[in-house]
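Asker: So you can see what is in the structure, the chains are spelled out below.
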Amino acid sequence: MSVLVYIEHADGSVKKNSLEAVSYAKALSDKQGEGEVIAVALGSVAQEELVKVGHAGASKVVHVNDEKLNAGIIQAHSEALAQVYGKVGAKTLILAKSSLGDAVAARLAVKLNAGLVSNVVELPVTASGYKVKRSIYTGKAFAETIVNKEHKILAVKKNAVDLKTDGSDAAVETVTLDIHAENFATKITSTDKAKGDVLLPEADIVVSGGRGMKGPENWGMIEDLAKELGAATGCSKPVSDIGWRPHHEHVGQTGVKVAPSLYIAVGISGAIQHLAGVNSSKCIVVINKDADAPFFKAADYGIVGDAFEVLPKLTEAVKALK
Amino acid sequence: MKILVCITHVPDTTSKIQFTENNTKFDKNGVQFIIGPYDDYALARAVELKEQLGASLTVLNVGEAETEPTLRKALAIGADDAIRINAFPKDSLFVANQIAAIAKQNNYDLIMMGRESIDFNGGMVHGMVGEMLGIPSISPVMKLEIDGDTVKMAREIEGGKEYLEAKLPLIAGCQEPIAEWKIPNMRGIMSARTKPLQVLEPVSDETATNVTTYQLPPAKGAVKLIDKDNVAELVKLLKNEAKVL
Ligand SMILES: Cc1cc2nc3c(=O)[nH]c(=O)nc-3n(C[C@H](O)[C@H](O)[C@H](O)COP(=O)(O)OP(=O)(O)OC[C@H]3O[C@@H](n4cnc5c(N)ncnc54)[C@H](O)[C@@H]3O)c2cc1C
Ligand SMILES: Cc1cc2nc3c(=O)[nH]c(=O)nc-3n(C[C@H](O)[C@H](O)[C@H](O)COP(=O)(O)OP(=O)(O)OC[C@H]3O[C@@H](n4cnc5c(N)ncnc54)[C@H](O)[C@@H]3O)c2cc1C
Chain A
1 MSVLVYIEHA
11 DGSVKKNSLE
21 AVSYAKALSD
31 KQGEGEVIAV
41 ALGSVAQEEL
51 VKVGHAGASK
61 VVHVNDEKLN
71 AGIIQAHSEA
81 LAQVYGKVGA
91 KTLILAKSSL
101 GDAVAARLAV
111 KLNAGLVSNV
121 VELPVTASGY
131 KVKRSIYTGK
141 AFAETIVNKE
151 HKILAVKKNA
161 VDLKTDGSDA
171 AVETVTLDIH
181 AENFATKITS
191 TDKAKGDVLL
201 PEADIVVSGG
211 RGMKGPENWG
221 MIEDLAKELG
231 AATGCSKPVS
241 DIGWRPHHEH
251 VGQTGVKVAP
261 SLYIAVGISG
271 AIQHLAGVNS
281 SKCIVVINKD
291 ADAPFFKAAD
301 YGIVGDAFEV
311 LPKLTEAVKA
321 LK
Chain B
1 MKILVCITHV
11 PDTTSKIQFT
21 ENNTKFDKNG
31 VQFIIGPYDD
41 YALARAVELK
51 EQLGASLTVL
61 NVGEAETEPT
71 LRKALAIGAD
81 DAIRINAFPK
91 DSLFVANQIA
101 AIAKQNNYDL
111 IMMGRESIDF
121 NGGMVHGMVG
131 EMLGIPSISP
141 VMKLEIDGDT
151 VKMAREIEGG
161 KEYLEAKLPL
171 IAGCQEPIAE
181 WKIPNMRGIM
191 SARTKPLQVL
201 EPVSDETATN
211 VTTYQLPPAK
221 GAVKLIDKDN
231 VAELVKLLKN
241 EAKVL
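Protein chains in written order, with our numbering: chain A, 1 to 322; chain B, 1 to 245.
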């Protein structure tokens, strides 16, 4: 028996959320005796990088080193996973929740006749039925969910388990699959992606700005603080709607849902739809000049003050810490 | 050209989420239901495509009779007809099976959905239906243009976007800024009353999951305020108390 983990990689490295999924699988297997944890990587990625997946808890990585899989084509990825799943005789597949992961897992669930649960926040409990806790209503509630299919696919939310780093190197096995051409019917024509930035859904710290920042020319202050903290930058919906910031930075109900250790909100009022995207953060800091801004009710720490005065001081204070 | 838009009937985004009956049921008391915001984007784009291409536009919901006002609203926004599958939407697989059955009967060229529902946040019904029908499913789609039988799309990826192309038929899970939300006008509301709304029974009872109980997150403690002239104190607290630096 084994637990399979779908790992995503970008710019030559395995994504941190995928490594967390590997650690989740390892904890699951230790708890329930499900055997080996095997990760699957699709497309071109360096062997040394895959070996390191072992540190998070995998004993083996199956590498489908086919460059046609470099692009995240949903059908092709789900077909490749279904084949590997059959080969290794797994009964459970774990993946990190992501826009590609969700889409791939859904098709895979139909192929394998598996029960798919998304936004999983804890390890399953199997005392009576296979029960998983998942986040619903955009972080406003949880549902204990019984999976009634023999095969299970769990899409794990960030921070469901701690990332393990003390495992041994993984053995890498390169395999070749026969994936029918019809799975490549979708063609990716180009990609437009910020290089080198900390990715928002993966970030441990996020510094986010709202309409209180007054204009795009003031974002340097947000970026300076983010840089000092090694953080990703985010924004409220109106900020991306007016084009001050790119759409992929928009946090909230209708944007990216983040789950960092630290979320710093500057000049954001804290509308319920914005909070829906940040309520899984471990610690929230709010900087707003209005002491009655609703965001303070959802915050752990707050400063009532003008962002333009507070931000540079905060950046200096973080610098001084080092 | 035939377009199908699948819509959810979900609590308004400002709703206070509560449960009743020993935390086994969603408490609808005082809650207003709306078209899912992502489905609303899909619908808005579908109405534009309908006008541009002279397409027919059907909206579908899997839900009990209480969802009909939500379907009527979609008709008022511009759909031609509606289908309601008369069943409690037990889980994603249950819903996907019903949608796939309707799609097989009616041969839609384009099926548009939201990227995810805002109640159960699955983000999976489009992929499931795509696999059941053997056609591409793409999500989250933030731009969609039709050129003959080719669909040109932009898809959001972490840190940016990706441009892609595929042939009809296909399924798109939509999000902003694919189109601006449309508000129904008076004429739309009047005509929606007489547009056809067909009620069909479910074709399958299969599910993969069922919810036993719901929980609310623990209440947040009070905010600790730090003086704006003592920013260094905040950094200290973040390091030593919250341990997040
Ligand atoms: C269906 C739906 C979905 C939505 N989804 C989202 C979503 O996903 N994400 C999202 O963010 N919003 C979303 N919204 C919009 C949301 O309701 C709010 O309108 C939005 O979050 C407000 O953005 P803001 O806080 O930047 O702006 P405002 O509400 O205008 O707040 C600006 C804040 O900045 C403060 N400020 C002003 N000047 C300064 C200064 N110099 N220093 C410090 N503070 C200052 C003000 O006191 C104020 O609190 C959605 C709305 C709907 C209806
Ligand atoms: C009062 C109430 C109680 C519910 N209780 C449960 C429950 O206990 N467990 C449960 O799993 N679900 C429940 N649902 C159903 C839930 O709203 C979803 O329809 C279903 O669970 C699929 O959710 P998802 O998050 O996987 O959808 P996603 O995969 O996130 O949805 C993606 C897209 O699929 C389409 N879609 C999804 N659901 C429907 C639908 N019903 N009709 C038409 N199109 C749809 C929409 O376009 C949507 O944007 C309930 C709904 C209501 C109104």
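These are calculated hints, taken from the structure and not from any lab test. Bear in mind the structure is a predicted one, so any value in this text is a computation, not a measurement. Hints may be right or wrong, so weigh each one.
As the list claims (entries may be wrong) - The calculated lysine-lysine pairs, modelled on DSSO-like cross-linking and capped at a C-alpha distance of 30 Å, are: (1) K16/B - K282/A; (2) K289/A - K236/B; (3) K214/A - K90/B; (4) K282/A - K228/B; (5) K214/A - K297/A; (6) K133/A - K236/B; (7) K161/B - K143/B; (8) K161/B - K149/A; (9) K187/A - K227/A; (10) K297/A - K220/B; (11) K133/A - K31/A.
Asker: Hint by hint, work out which the structure violates, then give me just those numbers in ascending order.
Answerer: Going through the list in order, the structure violates hints 3, 6, 8, 9 and respects the others.
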